[in-house]
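Colleague: Top line first, the protein sequences correspond to chains G and S. Residue numbers for the first sequence, in my numbering: 1 to 312. Residue numbers for the second sequence, in my numbering: 1 to 341.
Check each hint, because a few of them may be wrong.
Derived Cβ-Cβ restraints for the label pairs, each shown as a range [what the hints assert, rightly or not]:
1) Gln285(S) x Arg84(G): 31 to 37 Å
2) Gly316(S) x Pro209(G): 44 to 50 Å
3) Pro37(G) x Leu21(S): 56 to 62 Å
Don't read these hints as lab results, they were simulated from the structure. Here the structure is a predicted model, which means the values were calculated and not measured. All residues carry an ideal CB built from backbone N, CA and C; glycine is no exception.
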Amino acid sequence: MQFIPLLLGMTLLSFLIIHLAPGDYFTQLKMNPQISPETIAAMEKNFGLDKPVMVQYFYWLKNILTLNLGESFAYHVPNAFLIRQRLLNTISLSVFSITLTWLVAIPLGIYAAQKNGRWQETLLSSLAYVGISLPSFFLAMLLVFFAARTLVLPVGGTTSIFWKQASLWQKFIDYLHHLLLPGLALTLAGTGSLYRLMKNNFLEALGSPYILTAHAKGLPRFVVLYKHALRNAINPMITIFGYELSSILSGAALVEIITNWPGMGRLILDAVLSQDLYLVMASLLIGGFLLVAGNLIADILLVIADPRIRLK
Amino acid sequence: MINFWNRLKRANRPACVSLVLLLLLYLAALLADFIAPYPYDSQFREYSLCPPTRIHFFDRDGRFHWRPFVYRIAIVNPALKEYQEDFSTRYEIMFFPSGGRRLFGVAPEGKIFLFGTDLHGRDVFSRVLHGARISLSIGLIGVSISFFLGLLIGGISGYIGGRLDTVLMRLVEIIMTFPGFYLLLALRAAFKPNISSLQLYLLIVVIMSLIGWASLARVIRGMVLSLKEEEFVMASRALGLSSFRIITRHILPNTFSYTITALTLSIPGYILGESTLSLLGLGIQEPYPSWGNMLSICVGNLRILTGAPWMLIPGGCIFLTVICFNFLGDGLRDVLDPKNW
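Starting from the given sequences, assemble the full structure and let the hints guide the process.
Modeller: The following block contains the structure:
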């Protein structure tokens, strides 16, 4: 298992980024009027703040392992509590937009590969180029602009005012309704690159000798395309999924801030602005964990989709 | 050079258009003081959130004028920021006014706001031009630093190998396990929020280079691993060259066709990084404009966003720059790839 050293390295880097910065961190904490002396005393005991930096790291690591992420200076509640609230929103936003991106980009990629060189492909590819080059925050702004002008989608928050009296089903629908704006922004930002990859993979698969063989032995066109070509074209996409996840999580955080969706992005930004450094460290670490978890899922999916890996 | 241009033209026409556009953009940024009709920080408080000024060739009676002109901007409702053209007064657009220190302008009583004005009544067009200086230069500088780091570390790691290679590549992996945006914010948090503008500019460059070198170093390492088995490396080793010289003079130049493409394609990342930080209020600070911080007024401010959509123009500039670099990068890949020769 190479996961354990990787995770340890991640905790070390998260810690060092904050602690190797110029300036005496502990004195800054004491000077901050927002933080009560009791909190300082408790943190001093828990996190060994008066000890050298490397010793502090092991104190912090011990706390992380017991899921004690420290207390937020700005909100005066445990960081773990804050993160748990926001993490769910970020995950639902990411999962929603990843699902939608794949549902849109894969069929379009397959379609464009079959129409390669015709106007349909040119149109789709040009659109994809625009999508790739539009910054996600700008896209989110344009959507917010559109939504605020036409009032078709709610902007900001996860719930409407009738949330308290709503039934479970209504709550779900309401949540989805609010998810639509940030979700769409993130989907539009991600579809272009995925479409391009899928189109190229499918083209490559269509050009290979086994497709010629399949045609030659008289298989129906449908079977050749969707059984032989598709399965070979989709495997690299699953590997790509692991790489894309990093940009999806980054994009999600940014889109959250623009569209006022209460997720990890807003949390880490507020933490940075209020110099709530333990919350920053914890959020960074959680972001890293999300990415590692996503890559693990991609690996498992690849094993399921590609029998060659299973046999090894 | 001409040879290169011809090859680029043959391989990829959009790339040529993009190259010309980018050169024009950089030239405009360089000459911002000359092209912009107003200084970036001059405020016309009475013209807050004024929409873009229309340029006319025909007046109200349908008469054609050779010299384009604007009408006086009349304030209809100062509270709701409603403006109208006052057709009684005409201001002709003059070229090289005030002794040729500006490209164009109108008489001082009239105003010309090509992209409208912001909340403080500053000319958005002038600010976009001045903002281009920061947004466009940061991409080039950031990319140079992180490519220097990436090439050097990737080269050393691949050529020397062994334990050094293991340590460096683990470091690369750890950096790449964090989502870029989280790392960007966390690194920014490590430094004081309020420092001088020049320090901030340098800080942003350093932060983005610290993140950006990792992925390049990994690819370069892979290329070096295969290159170091080639005969010309063995020859230079037999001639007694030092490792450092072999890496910098013989191995790395062989990766350049890849590097130049990757370099072009990664400049947008730096421009976006700066815009993002400035957009969130962590980057370039007022009154200095950058494309990012000009957009920050639109975040969570629906009244301004819907009432003054011209405030989104800097975002359009970012988009234009990014798409040009993407086209250019793709074109360069076509030209530099030996398979296409």
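Colleague: Looking at the structure, which of the earlier hints fail to hold?
Modeller: none
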